[in-house]
Amino acid sequence: MGRNRKNSQLYEFWKRFRRNKLAIAGILFILLLIFVILFQGVIAREGINDQKYDDMLAAPSMKYLFGTDQYGRDIFSRMVYGTKYTISMGLIAASISAVIGIFLGSVTGYYGGKMDNFIMRAVDIFMTLPNILLALVMTASFGPGFFNTMIAVGIAGSPAMTRVTRAAVMGVRNQEFIEAAISNNASDMRIIWRYVLPNAIAPIIVQYTMFVAQAILIGSSLSFLGLGLQPPAPEWGSMLSAGKAYMRECWWLTAIPGVFIMLVVLAINMIGDGLRDALDPKQKR
Amino acid sequence: MLKYVVKRILWILPVMIGASFLVFALLNASPGDPARIHTGSDATEADIEKFRQDHGLDKPFIVQYCDYIYKVFTKGDLGNSYRSNTPVAGRIAQTFPVTLKLTLFSMVIMLLTGIPLGILSALRQYSLLDGIVSFLGMIGVSMPNFWLALQLILIFSFHLGWLPASGSQDMRYFILPAVTAGIAGMATIMRTTRSAILEVYRQDYIKTAEAKGQKESVIIWRHMLKNASLPIITVISASFCGSLANSTVVETVFSMPGMCKLLVDSIVSLDNIVVMGAIMVLAVTCCIVNLVTDLVFAAIDPRIKSQFKRRQVKGS
Chain A
1 MGRNRKNSQL
11 YEFWKRFRRN
21 KLAIAGILFI
31 LLLIFVILFQ
41 GVIAREGIND
51 QKYDDMLAAP
61 SMKYLFGTDQ
71 YGRDIFSRMV
81 YGTKYTISMG
91 LIAASISAVI
101 GIFLGSVTGY
111 YGGKMDNFIM
121 RAVDIFMTLP
131 NILLALVMTA
141 SFGPGFFNTM
151 IAVGIAGSPA
161 MTRVTRAAVM
171 GVRNQEFIEA
181 AISNNASDMR
191 IIWRYVLPNA
201 IAPIIVQYTM
211 FVAQAILIGS
221 SLSFLGLGLQ
231 PPAPEWGSML
241 SAGKAYMREC
251 WWLTAIPGVF
261 IMLVVLAINM
271 IGDGLRDALD
281 PKQKR
Chain B
1 MLKYVVKRIL
11 WILPVMIGAS
21 FLVFALLNAS
31 PGDPARIHTG
41 SDATEADIEK
51 FRQDHGLDKP
61 FIVQYCDYIY
71 KVFTKGDLGN
81 SYRSNTPVAG
91 RIAQTFPVTL
101 KLTLFSMVIM
111 LLTGIPLGIL
121 SALRQYSLLD
131 GIVSFLGMIG
141 VSMPNFWLAL
151 QLILIFSFHL
161 GWLPASGSQD
171 MRYFILPAVT
181 AGIAGMATIM
191 RTTRSAILEV
201 YRQDYIKTAE
211 AKGQKESVII
221 WRHMLKNASL
231 PIITVISASF
241 CGSLANSTVV
251 ETVFSMPGMC
261 KLLVDSIVSL
271 DNIVVMGAIM
281 VLAVTCCIVN
291 LVTDLVFAAI
301 DPRIKSQFKR
311 RQVKGS
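Going line by line, the protein sequences match chains A and B.
Position one of the first sequence corresponds to residue 1 (our numbering), numbered consecutively onward.
Position one of the second sequence corresponds to residue 1 (our numbering), numbered consecutively onward.
Same shape as in the complex, but just chain B (with noise of 0.2 angstroms):
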């Protein structure tokens, strides 16, 4: 088993190592010079080979990666902004917090929501209720989250006046992005549950312990939940990631200054170093919460254990 874990954990690495190379290699091989177009159109050569010095763009593309990589494990330096020539680092710190407090908001909300609607639509499959989760459900994932992220503003700030409408400054102010970052992972989670639950519903040891006189709640959360666990997790920490892409749109609709409006503010003004350094930490994140599900996996799952006992009693 802690080999299993090891090894998961150290896979991170390659991982990084590629996904960074293939990021670093799209960014490079973008058109235009990033010299020429952030030192200005009045700029003199001089000017430009400076700036190409300052940010290392004078040497050859593996090199450069290699040395970003470097920096990055050694001086935690993820470069220096081609617009503004501030530390990316310090802005990512600066910024990743207001994305991350909103992701984990969104999810909060996706979780109440998702789950316990996905487990009661599946208790009275075919009935009114059923039917009006499944539509919505399927509303949910069909839903632009900018058009939805529009009308919440237009319905509740402007008419209502209940919710600021942009800014960041204290929990009210993430009620509205929370809901439309999260409202497409609400649905997919409900529907895992639905099916998931639908398909141990029938099982005989729901039936046994429904024979037995066992109360209704401790049949659903331990005999049910439990068993059809292993989807809605899966789909749990794929909603995570999802939220955390969304963010890019709902942050930009709501003027939020997370991370993710950096990065669309800086692939808008070809600041592709802070492109970089914004796509690595959402990477980051992505693989640090699939590598937590995994372990998850690994330990509820009685297939992966097993697995591993087999292959010890082989191998001595």
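Same shape as in the complex, but just chain A (with noise of 0.2 angstroms):
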């Protein structure tokens, strides 16, 4: 029998996407990031707080492969620990945006109308402050914390994905398929749900891949600031605020977490470049 239609759409995806080797390499890190969160018990070396008094602020070395900070924690094992906060911070931000932001852009495109007007106004309005304000306000009113920092990022990056997906879904509504579905006494939901998201998901899943970059560099920033979680906590942003004390003599307290934050959300960019060529084939060369 062969692949079925969807199957073979899938194939040439992914030929068009494992071309931009680029793409591979952020997929390959961040494969590399969700292993040594699923094994992190057995790479740290050490506990998140076991304080070691006779090494404190020691260089990178073998022993302590990126230094210890001024309590004497071993970075590398605070860095393992912390993986998880700022992948989880990413990924369910932007699935807190996207649930929202495709829920009322496909509404709003589908159905048109007043509602789609009201709706888009208060988008309007939303949008007039950068997401990383609208997440700041919104942590001023949650109060300080990891799980307000991730809803507060996500529903700041929520209207950005609504006007994504409105335009999205009113680029298919008026095809013939959707004719024929209404002929065929389909449901709105079931329409919207099994024809019109399909067809459009395209730029809502680049959209998401750049929100989940986006999302862990705003929260990065809100720990830093000191309005994410809360110090002992291996977050890297945080872990990056408590060394600036001591990044004159030692740079390693800043320098690391910041290239792994920036390293991780490289990674999210580059998939995302990859999945916008690899979707979007009118634009290939």
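Read the hints as simulated data drawn from the structure, not as lab findings.
Take these hints with a grain of salt, some might be off.
Dumping the calculated DSS-like pairs for lysine-lysine here, alpha-carbon to alpha-carbon at most 30 angstroms [stated by the list, open to error]:
#1 K63/A to K52/A
#2 K7/B to K114/A
#3 K207/B to K3/B
#4 K50/B to K75/B
#5 K3/B to K114/A
#6 K59/B to K75/B
#7 K50/B to K7/B
#8 K305/B to K207/B
#9 K71/B to K59/B
#10 K101/B to K244/A
#11 K7/B to K226/B
#12 K305/B to K114/A
So these bits of chain B aren't anywhere near chain A, every CB distance computed over 10 angstroms [stated by the list, open to error]:
#13 D42
#14 R172
#15 W221
#16 L230
#17 A299
Idealized CB from N, CA, C, for every residue including glycine.
Reconstruct the complex from the two isolated chains, following the hints.
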């Protein structure tokens, strides 16, 4: 029988995607980090709060791969345990923005009319503030903390997701297969879910991926400002913030968390670029 | 055309009312009673009640909001800080120039580097230079700016001793912060310029201009950049707001006495009325920038112009 049509489309997509070496490198890096999260207890050599009073502020060496901080805690182990915060900040915040944005975007794009007008004006209002400021206000409202930050960043990202989804849905709404589904007496929910969204998914996936990267940057900025996850937890942004005071003598305290935040964001951005090129064959040279 | 301009300017009003209501409601919903937090632990019930009355907190939410808006429009009064009881408007007037100067300075850096590099890498597509510029652009949007700020301080202030690490006394103090706040915007402007130029690069009118022996500089500036300008203008205005927002982190790292630092400090110390004022000033600024962008669009995009002419003909 061979592959059905959906599979072959997926295969075409994969063929285009894998040509992009940077995107593949990005995926491998993220897979590596997920591996680190799964086996964090095995990989980390010390606990997150094990203090070695003989080795405070030790430079990177074979014993302490990334050095130690002012309390003599092993930075390598703290980075390993901190990975999950960074990755989950990105994924969960982007997923929150996706759930809100896809719902609002598909409803407004599909039905149009007064409700569309009303919701899109509300989106305009949300979009007057750059999303880090929106996240800041919401953190001020919810209070600091990891979950609150995640929710704040997720909501801050939802207006952009709404716009992207709406534009994509409007692009397919008037096509013949939608008309066919309507004449088959399919319910609106079914039409949106089965026919509209699958055909409008490409820009949504790209926006989702790009917002994962954004969310990690915003989340770590908030932690850096002291509004995210609170200090004893090994969040990369707050580790960096704590290392500020010793940065002159001990470069590793700030350099290492910063480089890793950058690598994660870079990897996700490269995946996003690869997805955009692969999902949009029209743009191919 | 005039109708469009007036309509667009008036549109600011409902947006600002909506945004102020949103922020006011969010801050009002925050856990913790400002009257209890800011009167201290040994305050009597009478003290707390007096604090509430002084700041209008004893009224229902919607009355508080209307009072706030009324005072803003009639007296330019943004309320008094919960913590120091000084007028918020005064503190914002003191600190906002620093933020604005920083943002404008970072805009200059962005434009002077982003656009030329974008053009250059588009003209030499797939060259080594293009590869390097694209990769640096990728890193620019991926770098956490607080980290970049610290590394710049480490290199240029501590090791080389060329530039000061904190403060805002003269122009030299603004160089490192402006670079930090502008780096992401610079990378975005560069990437957008590159793809916008590439889009027009293979158009027939460019070939025509080349064929008639037009000078390369004229081709680039008049034929290419003019036709590629719309996406670039969009991204410039977005970068302005982005850089304004980045100031929150940048001013904190460089300890500059700007409004965004005031905002962050007030969030930490739960001084919500100051947060409200600062956020609204930022929102108004972004709104004005977006307005100017839209008007520039209307002025230069023939599609928007012609849309209006047609509508007028139909209407009459």
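### Earlier hints that do not hold, by number
3 and 7
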